[in-house]
Amino acid sequence: MSARFFSALRHPPQMAFFRMALAMLIALAPPQIAAACTPEGFGQMAQELVARTNMDRARAGLPPLLLSPELTSVAHQHACDMHQQRYFSHTDRRGAGAPQRVHEAGIRSCWTGENIAMGQSSVAQVHRNWMASPGHRDNILRQDYAFIGIGISGPSNGRGRKRWVTIFAQPC
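Just so we're aligned: the sequence shown equals residues -34 to -1, 1 to 138 in mature numbering (1 follows the signal peptide of the UniProt record, and there is no 0).
Read the hints as simulated data drawn from the structure, not as lab findings.
Heads up, the beta-carbon is just placed ideally off N, CA and C, and yes, glycines get one too.
Among the hints, erroneous ones may be present.
[Claimed, not checked] Ranges between beta-carbon positions, derived for each pair: (1) Gly27 to Gln66: 30 to 36 Å; (2) Asp22 to Gly63: 20 to 26 Å; (3) Cys138 to Arg52: 15 to 21 Å; (4) Ala71 to Leu107: 33 to 39 Å; (5) Ala71 to Asp104: 22 to 28 Å; (6) Gln50 to Gly27: 38 to 44 Å; (7) Gly27 to Gly63: 27 to 33 Å; (8) Gln109 to Glu6: 20 to 26 Å; (9) Ala26 to Gly63: 33 to 39 Å; (10) Cys138 to Glu14: 27 to 33 Å; (11) Arg59 to Arg25: 22 to 28 Å; (12) Arg74 to Arg127: 32 to 38 Å.
Sequences and hints are given; from them, build the entire structure.
See the structure below:
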């Protein structure tokens, strides 16, 4: 199953669809969020983060996670909120954690997890840090999860520190 997933990632029509879906997610975000915090190369970074996550899952004998546009929207909104409000936490300023934010977005999930990071300059670095952290690694390799959403924030001018968010979920 994972071999088909990775061959699909290399297949131009699927790659074009993936890039188009990410572009639509950014376009559908409120303008102030999309313009103010989406780093250049967001689509490519998100694609690479999903691929790295699924490579580690394949090595562990787990199925790949499917990228969810809805979870990506929730993750990106949290990354942007942390960036714009200058904080770093699994809990937003209202006191809502990932399960509540996912629920508020109308997503039914029996299992929800979140990894966050700040300051890493590359996908390779953030993914390596998460895999070296037992709690983050557990989220990446949890067999209950089927879907992933990616959020990355950072100023478009390259100044400041990126916030990285992945949300994992299993529908009920």
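Checked hints:
1. Gly27 to Gln66: 30 to 36 Å: holds, 32 Å
2. Asp22 to Gly63: 20 to 26 Å: Because 24 Å falls inside the window, the suggested range holds.
3. Cys138 to Arg52: 15 to 21 Å: Because 35 Å falls outside the window, the suggested range is violated.
4. Ala71 to Leu107: 33 to 39 Å: violated, 25 Å
5. Ala71 to Asp104: 22 to 28 Å: At roughly 23 Å between Cβ atoms, Asp104 and Ala71 fall inside 22 to 28 Å, so the hint holds.
6. Gln50 to Gly27: 38 to 44 Å: Cβ of Gln50 to Cβ of Gly27: about 40 Å, so the range 38 to 44 Å holds.
7. Gly27 to Gly63: 27 to 33 Å: With a Cβ separation near 30 Å, Gly27 and Gly63 satisfy 27 to 33 Å, so the hint holds.
8. Gln109 to Glu6: 20 to 26 Å: violated, 35 Å
9. Ala26 to Gly63: 33 to 39 Å: Distance hint for Ala26, Gly63 is violated at roughly 26 Å.
10. Cys138 to Glu14: 27 to 33 Å: At 30 Å between Cβs, range holds.
11. Arg59 to Arg25: 22 to 28 Å: violated, 37 Å
12. Arg74 to Arg127: 32 to 38 Å: At 33 Å between Cβs, range holds.
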